[in-house]
Every structure is written in C-alpha cells, then in structure tokens.
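Chemist: Residue numbers (the UniProt record's numbering), protein chains in the order written: chain V, 1 to 521; chain F, 1 to 335.
Errors might be hidden in some of the hints.
[Stated by the list, open to error] List time: in silico SDA-like cross-link candidates among lysine to any residue, alpha-carbon distance up to 25 Å: (1) V:Lys2 x V:Pro54; (2) V:Lys92 x F:Thr291; (3) F:Lys227 x V:Gln16; (4) F:Lys155 x V:Pro32; (5) V:Lys446 x F:Phe242.
[As the list claims (entries may be wrong)] Restraint-style ranges between C-beta atoms, simulated for each label pair: (6) F:Arg320 x V:Arg290: 49 to 57 Å; (7) F:Glu75 x V:Thr441: 51 to 59 Å; (8) V:Pro462 x F:Ala39: 22 to 30 Å; (9) V:Thr206 x F:Gly198: 46 to 54 Å.
Just so you know, these hints were derived from the structure itself, not from any lab.
Cβ coordinates follow ideal geometry from the N, Cα and C atoms, glycine included.
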Amino acid sequence: MKHFARLLEALAFTPQRNGKIRHLVQHFRTRPDPERGLALGALTGDLDLRNVTPSLLRGLVNERVDAELFALSYDFVGDLAETIALIWPEAKDPSDPPLSELVHELEATGKAALPGVIAARLDSLAPSSRYAYLKLATGGLRVGVSARLARTALAEFGAVPVEEIEELWHGLAPPFESLFAWLEGGEKPVSAALAPFRPVMLSTATDLDALGAFDPADYVAEWKWDGIRVQASVEAGVKRLYSRTGEDISGSFPDLLEALDFDGTVDGELLVRRKDAVAPFSDLQKRLNRKTVGKTMLKSHPAALRAYDLLLHEGEDLRALPFADRRARLERMVLACDPVRIDLSPLLPFETWDDLAALRADPPDPVIEGVMIKRRESPYLAGRIKGHWYKWKRDPMLVDAVLLYAQRGHGKRSGYYSDFTFGVWEGAQLIPVGKAYFGFTDEELKDLDRFVRNNTVERFGPVRAVKPSLVLEIAFEGLNRSARHKSGVAMRFPRIARIRKDKPAAEADRLEDLAALLPPE
Amino acid sequence: MAADDLLFPTPEGLYCPGGDFHVDPVRPVPRALVTHGHADHARPGNGAVLATRQTLDIMAIRYGADFTGTRQVAEGTMTLGDATVRFHPAGHVLGSAQVEIETGGTRFVVTGDYCRHRNPVAEGFEPVPCDIFITEATFALPVFRHPDPAAEIAKLLASIEAFPERAHLVGAYALGKAQRVIMLLREAGWDAPIYIHGSLERLCRYHAEQGVPLGDLRPATDDSMAKADFAGQIILAPPSAFAATWAQRFPDPVIAFASGWMQIRARARQRGVELPLVISDHADWPDLLRTIEEVNPEETWITHGREEALMRQLALGQRRSRPLHLIGFEEEPEG
Ligand SMILES: [Zn+2]
Ligand SMILES: [Zn+2]
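Using the sequences provided together with the hints, build the complete structure.
Modeler: Encoded structure:
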C-alpha cells in the first residue's frame, strides 16, 4: 500500500502533466501485477468498489474522536479523507498490506460489515497509507489524473500510440494484465468488447481575425449546442453511449440507448429535447450522474442525440473520408432513425465570415453557445489537431455585481476566502444572484482574500459577510429562471472576470438589467 | 488579586503592571521582555529590552544595533518592580526562551513559541511548573502530529537520488528553520556544500559563531557556477525567493518547503510545493497536551494560534483555559 500511497502523493504534488506521466510510467515499470493494474484501475475509475460514503466515514471517526475537535480539524484541512487519515489514532506497529489485499477485501465485504473492516484497516495502517486507503474506498482520488492522462502514460510506457489503447480500453478490466503484457512486448490483446469507444476529434478556438485567412467556401458551419459531446456506438446489437473522454454513460440514458437503431458510431451532442425545443443545460444536468433514472424523469427530461458526424457505418470505417462524404452518409442514416430521439445538426448557410458572425451573434436558440467550423476536406482525426475543426464561442454575458459574502474554500484553497457570493441592486437593496469560485488569478485571490478579511462585518461559521463595497465583473454563460433563488434567476458558470475597484458599489447593475438577459418564456 | 489583574493583554501586548513590562509587545513600549527573535515576537523601537543574549544579538542583526534604547541580558532570577522574572529554554530557535514571572503571589510562564522535538540549533525545552501557563497554539489541532524530521530529510535525499539532473530548492525561513534543515542534512550524512540565498547568510554565520556546526555553506549566487553545476545540489532560500527570477538560475528545480504546515496537502499545493517536508519548530498537538500535563497549571491561557481546539480538548480533560486573543501574530506564522 505504501507504494500506491507514494504514487498518489507524487501525482498530487506534481503540477506538470509530464511530471505526472513520469511518475505513472515509473510505477508501471517497478510494480508487479496485479498491483500496478489495480492502481491504474483506481486512477481511471475502473475499480468497481462499493462506494464508501462520507457519512459512513463520519460515523467511524465520531466513535474515535470528539465531534467538535473533528469539525474544527475538517474545517482547517478541507478534505474529509485527509482529515480522517491525519486525526485517526496512531497505529502502534503499522502494517503494509499489498493494494490487492485491500481491494479484494473491499470487494468481498458486505455493507453491514464494511464499517468494521474499514476501522480495522485504519487502525493498522500508517498515516499516508490511511489517506490512500480512504481515497480508494471513497472512489475520489482527485490527484489530477484523468483516465486520458493515465492512458497517455500507458502509451509512453509501452511506446505505442495512445489511440490504440483507447480503442482497446473498453474491452479491458483491472488488473489489466493482458494490457501490461502487450506493453512489455507480448501479444496485443484482441478487443473482446463490441461497440468500443473511438477517440474523438476536437476543435481549437478561433475568432474573426483568424478566420479571415481562410476561404469560407472550404468550410461548413454548425451550431455549437450546449449539451454534452457524446459518441453513440452500436455493433451487432450492442449499444453504448460514451462521453468524449470515453467514459461509458449508457446507464444514465436508457431512453436514448433504445433509440439507437443503426449499426455504426455517431459523434453528436447529447441534449434534453422536448419535441423541437432543446432544454437548457441545467435540465440535462439532472439526468447526468444518475445510476438509475426514474420513469417520471425519463418522461419529463427526454434525452436526444443531435448528430454531427459518422465514424463507422455497417462495419465500414469512414474516418479517413472527407467530412463532406461522411456527412452525406450520416444524413441518409439519420433519415431512418426516430426523429424524436435522433436528428441532424443543421449546416448553416453562409458565404462570408461576416455572414457567419451575424448568425453567431443572434442564434435562434438560447441553448447555442457558438458555432463550429469544419473544413470540408478533413478526415476524422483523433484528438485536438490544428487546422481542421474550429469552435467560435459566443461571448459570455457580463454583469457588474457587489461582493456580499465570502466563504473559505475547500481543497487546494482551504486557507483562503475563495467562494464569493455577489448581488445586484433591487431598489435600495442588494440581492444575492450567484456564487463564483473561479475566474481569478492567484494574485487576485490573495487580493480578494485580503479584502474579505479587512472588510468583514459579520461572521457565521466559515462565512463572512463583507461591507458591500467591492464591485466584481461577473462573466457567465447563460441565465435561467429559478424558483429556488430569491432573485428568481440562476447563472451558469459564473466567474469573476475582473475586480472593478474603479467602480462604486452604487453603480453596480440592477436586477432588471439581469432579468433582461433571460431567454423568452 | 485575580490572575488577570496581574498579567493581561493590552493593545501593545501582554502586560504585567507589577513589573511594568510587556512580553513580546507588538507596538513600542518602555520595557519589553522578548521570548525569541521571530519578527512577530521581537520588534524594534522599545525603550528597553530584556532577552537572552542570543535573542538580543539576533534582534541587532535583523534591526540594527539601535533596535532598542537599552538592553539587558537575561540571567538567573531578576527583579523588576514587584515582579521576579526568570528565562528558561523553549527549544524553538537559537536563543528562544520561556519567561517565568512571579507577581502578586502567582507564577506565570509565557512560552513564546516552543518545540519539544530534539532541535540541534536550540537548547531543549524545560517544563516549568506554574499556576498560569500561557502557551502558543500554532499547531493546536489533532491533525498535527509532526513526523520524525529525519524521515522527512530522507525524502529529500531520495528525491535528489531520483532526479539527479534537477536542483533541489528548499524553502526555509531565515531564523531557525534554515539552520535546522542544514543540521538535519549534516546528521543524515550530507557533507557536500549547501548553497544558501543571500538573506540567510548573516543568521547562518551567527549560528556558526555560536558553535552550531553548519559545515560548508556557499552563496547560491556564486557566479563561477554554471546552471548545470547546480544539478543534484541543495539550495536553501526563504520561500519568497521562489517566485522571483532568482529561482530560474537553477536547472528544473524541485521546489521543497520545510514547514509544519506541509502536513496539509492543500497548503503545500497552494504554495506550488512539489516536495513537502513536514519539519516544524513548534509543538504539535500531542506535545502541547503532554506539556500542559507536565506543567500542570491551574489555568492555561492561549496566546495565538488555534485556540478553539485546544480549549475544547482541555475542557474535555477538566482543565481550565481561556484565549487571550492577542493581536499582531500571524494566523499562520513561520511554522
Ligand atoms: Zn517563533
Ligand atoms: Zn509565534
């Protein structure tokens, strides 16, 4: 376990992507099977362990540690597993079991016996292993390693293209022994999985100036829909829905899965759509991250696919063909599908970039966040390759608001006041309209933190109310009506764009200014 | 007289009317007793300062010879007005002391900052029985159990072995921590020169003069050294130096930081630390509690740090305590 603990520590503290890859490669090289494969599975989220809940852990620690002391410690440390690992009574003679022993024990233990098993392990592990163990058990490693980065490290370890690993990935499972055998010079495993994930093509950002260098005739444009980019894959009746990083999200969208009446791999946008009306992103969010979806939700929030591209069709790999050819095949294929669930992303008519700019400035649907521009000749390429696909995002909405409350952050910002609640004027009163905890630089964070400490007028627990005197320019991606908020509006992705020290609080925006930005009812 | 009429906080700091002096005042006062040379405890501009010889020397190094009107070296039992005063070692930094004050029939001990781990640069802490124990609480949360510093230094040496092509920059504050890290390295067998930032030089030289064998120290800005020459070397600097272009003279540096705060991952990440070294010059939670048991006071007063947790723990053990809410001390000082 100490090797896994050390790996987590090294990953957590190494800021650079390349450094993280180096630590991973080193781990794969030096640890035996099945230890390295289980570590990999833990990092990629492929270890299907019974998720130990935070409330179970709180229960355990409450038996050992005074609740008030724990609360004060947790407030300071900012991370539940870390607090418990540090505060847990010291083991007299710490043991160092292999990762596999702990994984198998967690797999084999029933719900009722779980608290006892976890407490016994915490009693016998050293502090850094306690932390790693708790992270493993709760399934939230959060060491800045995505499944994609882990696969990149595997590719480097075995000196093979990462795409080959991505294509294999969904046929493999921890401890990945056949994969490691291949990467060390053995035979390549044959993907047993049908309808595997194919690496997705990504776009780079552009703007009007950059587009000026291209001939509009060589390009097509589509709306950039504000849903979730997905890949729908069907092979021999096996249907799967993947996120753009290759996570299998089929379980959350049985309604859409059922409607995948084709044989092939489609690139598209996942949306909640009621007839022709695309619902805002918040509706889609309600469907996400649910292991099971209730009947009511299926009915009220129906999932749909808006198709962008066709990678494979009836056994034929189309990825090397130009976009225009793939699009023609896609159009024919979609015709045969249920239009309530699957439709085409329309191509936009334009002759000049200015035409397109005009379309983009005034999209017909609030669920559009810009336009996508694709070269007619481009093949379907894995990854973010320059020169083929471009995204031209809508400018974010802006509002000037006044800082009202600040809360100490958790995680990596736990020493700073980093969660900011801001408000706008309604009559002579400031009414909270949102909360932002990003957008600022480290320097600005220190600045804001200092402002909060020097202008506190009241404290309640971790929250401070401040003198309403600092104006923040808030950028956000959209605005919804919300009955849950006193202001009646909810912002999407609000962030602090600028600190407006130059602006007096009285000149901040008013609630009616904000309401004017709401989509029509 | 009640204890809090004999010694109490004022805006200037903790004041003893019987002896007419302040302990570690944050603003200039006619007469100051100073526990140790850290900037939040020792400030210039007082009329008179009573402290250990080493603390007086350190204040003169930091603030210039005219840092106070008059100075007096603490020796034995001293009478100040109606109070008697005696200094005892605190184990925190070179010259650090606890101040024992007897006034109005009550015995107080003001710890300043203290450390119970063996510290090769400071004389070891001595528990002094008293009626009122006035303690720091910098690391007063049960999550703080400082590991063996030798094991932390072993991490640094292992990293040098794993990344021989990189320089290792260790952040350490100029007074105490820097010299402690150097001594720990020497004890672990690191005999090579250690390179130090210019701001550490005078205090390191002073430690050497006081008989702390720091070994071969060289300026990190040595112009005869090429960038590549620093591969596999250890460079000590105050953490503030890392942000500056100063750090760019070293090859792909691994940023380490020696501090008790490094126990908390978020603190390490906030500072961009790649190699956190949990080395502290303060008492950790078990040592705070052990010390209070040993000193066994009627009441414990808490000067600065995380007083809520310590008060809670003491209440659970049926001990009386109260916070002094002294101002002027950093929320998270050099740890
Ligand atoms: Zn100190
Ligand atoms: Zn202090």
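Chemist: All hints are to be evaluated individually against the structure, with a verdict given for each.
Modeler: Going through the hints against the structure:
1. V:Lys2 x V:Pro54: Distance of about 23 Å is within 25 Å: holds.
2. V:Lys92 x F:Thr291: Since the Cα atoms of Lys92 (chain V) and Thr291 (chain F) sit roughly 22 Å apart, the hinted pair holds (cutoff 25 Å).
3. F:Lys227 x V:Gln16: With a Cα-Cα distance of about 21 Å, the restraint between Lys227 (chain F) and Gln16 (chain V) holds, given a limit of 25 Å.
4. F:Lys155 x V:Pro32: holds (23 Å)
5. V:Lys446 x F:Phe242: Judged against 25 Å, a Cα distance of about 17 Å means the pair holds.
6. F:Arg320 x V:Arg290: 49 to 57 Å: At roughly 53 Å between Cβ atoms, Arg290 (chain V) and Arg320 (chain F) fall inside 49 to 57 Å, so the hint holds.
7. F:Glu75 x V:Thr441: 51 to 59 Å: holds (53 Å)
8. V:Pro462 x F:Ala39: 22 to 30 Å: Given a distance of about 29 Å, which is inside 22 to 30 Å, the answer is holds.
9. V:Thr206 x F:Gly198: 46 to 54 Å: Hint holds: Cβ distance 48 Å, inside 46 to 54 Å.
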